[in-house]
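Please build the complex by placing chains B and C on the supplied structure of chain A, with the hints as guidance.
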Amino acid sequence: MGKTFTRPGRCELVRTFLQNQHFEIHSEATVCIVIFSKMAFLGLRKWPTPFLKPMWPFMAAGTITFYLVAKLQDAAVRSPEFAKDPRNPYAAQIAKEAHH
Amino acid sequence: MHASLVRRQLGGLIPPKIASPGLLSGGSGDGLSPLVNFYSKLPKGPAPASTGRGLKAKFFSGSNASGAPIVATIFGIFALGYTIDYQMHLKHHKNHAH
Amino acid sequence: MQNLNFIINSPLEQFEVTSLIGLNAPIFGYLNTSLTNLGLYSLLLLFLVVGLHFMGNNETKIIPNKWSISLESSFASLSSMVREQIGVTNEIFLPFIYSLFFFVLIGNLISNVPYSFAITSSAIVCLGLSVTIFIGVTLLALSIHKIKFFSFFIPSGTPLALVPLLVLIELVSYGARAGSLGIRLFANIVAGHTLLKILSTFLYKLFSGNLVVAVLTLIPFGIFIGLVGLELAVSFIQSFVLTLLVCSYLRDAIKLH
Numbered sequence: 001m002g003k004t005f006t007r008p009g010r011c012e013l014v015r016t017f018l019q020n021q022h023f024e025i026h027s028e029a030t031v032c033i034v035i036f037s038k039m040a041f042l043g044l045r046k047w048p049t050p051f052l053k054p055m056w057p058f059m060a061a062g063t064i065t066f067y068l069v070a071k072l073q074d075a076a077v078r079s080p081e082f083a084k085d086p087r088n089p090y091a092a093q094i095a096k097e098a099h100h
Numbered sequence: 001m002h003a004s005l006v007r008r009q010l011g012g013l014i015p016p017k018i019a020s021p022g023l024l025s026g027g028s029g030d031g032l033s034p035l036v037n038f039y040s041k042l043p044k045g046p047a048p049a050s051t052g053r054g055l056k057a058k059f060f061s062g063s064n065a066s067g068a069p070i071v072a073t074i075f076g077i078f079a080l081g082y083t084i085d086y087q088m089h090l091k092h093h094k095n096h097a098h
Numbered sequence: 001m002q003n004l005n006f007i008i009n010s011p012l013e014q015f016e017v018t019s020l021i022g023l024n025a026p027i028f029g030y031l032n033t034s035l036t037n038l039g040l041y042s043l044l045l046l047f048l049v050v051g052l053h054f055m056g057n058n059e060t061k062i063i064p065n066k067w068s069i070s071l072e073s074s075f076a077s078l079s080s081m082v083r084e085q086i087g088v089t090n091e092i093f094l095p096f097i098y099s100l101f102f103f104v105l106i107g108n109l110i111s112n113v114p115y116s117f118a119i120t121s122s123a124i125v126c127l128g129l130s131v132t133i134f135i136g137v138t139l140l141a142l143s144i145h146k147i148k149f150f151s152f153f154i155p156s157g158t159p160l161a162l163v164p165l166l167v168l169i170e171l172v173s174y175g176a177r178a179g180s181l182g183i184r185l186f187a188n189i190v191a192g193h194t195l196l197k198i199l200s201t202f203l204y205k206l207f208s209g210n211l212v213v214a215v216l217t218l219i220p221f222g223i224f225i226g227l228v229g230l231e232l233a234v235s236f237i238q239s240f241v242l243t244l245l246v247c248s249y250l251r252d253a254i255k256l257h
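Taken in sequence, the protein lines are chains A, B and C.
Everything in the first sequence is counted per the numbering used here, starting at 1 for the first residue and increasing by one.
Everything in the second sequence is counted per the numbering used here, starting at 1 for the first residue and increasing by one.
Everything in the third sequence is counted per the numbering used here, starting at 1 for the first residue and increasing by one.
This is chain A alone, in the form it adopts within the complex (with noise of 0.2 Å):
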């Protein structure tokens, strides 16, 4: 069905073809959960709500971000002030990339 995700809406009323069927009217709270988008069927009905549309430009961001905060943890990791840390997890690769 494309990409949907569960989103209880305002569902129309029954028709006359449908007998015995209840009334039921949606309210409109909405989850989002932006990166859940497979943990549609919790019970709750999927609606074709577009996600790629309004979200692409936040996901590059995302990835953009990403990027520059590894970058900076990187060069922070490596400084000479906290190379040498014994609490530092990256000392071992830090030490064997002294030496080479």
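These are calculated hints, taken from the structure and not from any lab test.
Please note that a few of the clues may not be correct.
In the DSS-like style, the derived pairs of lysine-lysine whose C-alpha atoms are separated by at most 30 Å in a straight line are [stated by the list, open to error]:
(1) B/K44 <-> C/K61
(2) A/K71 <-> C/K146
(3) B/K91 <-> C/K197
(4) B/K44 <-> A/K46
(5) A/K71 <-> A/K84
(6) B/K94 <-> C/K197
(7) B/K56 <-> C/K255
(8) A/K46 <-> B/K94
(9) A/K71 <-> A/K96
(10) B/K41 <-> C/K61
(11) C/K255 <-> A/K53
(12) B/K56 <-> C/K66
(13) B/K94 <-> C/K66
(14) A/K84 <-> A/K96
(15) A/K46 <-> C/K61
(16) C/K146 <-> C/K255
(17) C/K205 <-> B/K91
(18) C/K66 <-> B/K58
(19) C/K148 <-> A/K53
(20) B/K44 <-> B/K56
(21) B/K44 <-> B/K58
(22) B/K56 <-> A/K46
(23) C/K197 <-> B/K58
(24) C/K66 <-> A/K46
(25) C/K197 <-> A/K53
(26) C/K148 <-> C/K61
A short list of chain A residues far from chain C (calculated; beta carbon distances all over 12 Å) [said to hold, decoys possible]:
(27) A60
(28) A61
(29) H99
For every residue, glycine included, the Cβ atom is placed at its ideal position computed from N, Cα and C.
Just chains B and C now, with coordinates in the frame of chain A:
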């Protein structure tokens, strides 16, 4: 733009157009019998109470709505935080301050 | 003697990110991942937000109960904010704004429980969020307006001579959005929690004194309770302000003025 949004949202809300004032005031036509037929076929009485599973039915559904889950959540977060704090700090400071 | 169990060394210790379950392996280039208390509280936050919406939807009955009224009213207020700020045609951003609001709100509210941990007290979380939003909004504006996006930095009606200076100023103020959005949230939460930690430690010492001091301490304790209420209000207000500003930046990106 806003009017069509409202129309789109409310368009399905109202039952199909079976009766209109014209049917009553005009001399000819079906009268109200299609309307009566439509409503006679719908289920009568309150909808059966569809309860969820245990926790939801007990605290969240219908008239059972209570604030007890909020209080339980607060105590749960307190317990989680205190456990983490105990394992990290308080265990080592048992009978002496810093 | 008094029981001095609870005295901590520094009021900033509450913000330490400690690793709860670690994984250090010489594979994938010295993989080092761990579940920290920050990660644990983020998972708790996810669980609470999803659980709130799953439990509180009153099984789609027409007649609401207290849970669904609260959810519907919060949805309605966010929906009206999005419609006012970004416009009715851009309601496509409502799920994003809604998730952002609930993420920050429930995250701040979790932190108000004693012994808990504030997710937004971590600068990386706040600044990462705001830089992501800033870059995302800029990418959105560039994709909509392409090269005309840069007309945003020249306010209408400026004399031609002033344009170079003004463009620089506007660029700086635009770039400052990335930092200010996150730092506002970070500073408010850290300052509030640090204050509460300092005051509570001091009040604990006062309460452990002799009986007269302990009774007199009830007055500052009343003020402390007021400050806890203020911290709760700050949780709400900061999440609302962040959401409102993100809506405003989205409007700037889409409408360019």
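Would the pair A/K46 and B/K94 pass a check requiring their Cα atoms to be no farther apart than 30 Å?
Since the Cα atoms of A/K46 and B/K94 sit roughly 53 Å apart, the hinted pair is violated (cutoff 30 Å).
Is the straight-line distance between the alpha-carbon of B/K94 and that of C/K66 30 Å or less?
The given pair, whose Cα atoms are some 44 Å apart, is violated under the 30 Å limit.
Take a quick look at A/A60 and tell me if its Cβ sits farther than 12 Å from every Cβ on chain C, holds or violated.
violated, 6 Å
So if I understand the rule, the pair passes when the alpha-carbon distance is 30 Å or less; does A/K84 with A/K96 pass?
Answer holds: A/K84 to A/K96 is near 12 Å, not above 30 Å.
Holds or violated: B/K44 with A/K46, Cα cutoff 30 Å?
Cα-Cα ~29 Å, so holds.
Within 30 Å, alpha carbon to alpha carbon, are A/K71 and A/K96?
Holds, because 19 Å separates the two Cα atoms, which is no more than 30 Å.
Could you grab the alpha-carbon distance between B/K44 and B/K56 and see if it respects the 30 Å cut-off?
holds, 27 Å
Below or equal to 30 Å on CA atoms is what counts here, so check C/K148 against A/K53.
holds, 21 Å
Can we trust that A/H99 is non-interface, i.e. its beta-carbon lies farther than 12 Å from all of chain C?
holds, 15 Å
For the pair supplied as a hint, C/K148 and C/K61, confirm whether the alpha-carbon distance does not exceed 30 Å.
violated, 49 Å
Does A/K53 sit within 30 Å of C/K255, going by the straight-line distance between their CA atoms?
Satisfied, since the Cα-Cα distance of roughly 17 Å is no more than 30 Å.
What's the verdict on A/K46 and C/K61, does the C-alpha distance respect the 30 Å limit or exceed it?
It holds: about 18 Å lies between the C-alpha atoms, which stays within 30 Å.
In this structure, the hints that do not hold are numbers 7, 8, 13, 23, 25, 26, 27, 28, in rising order.
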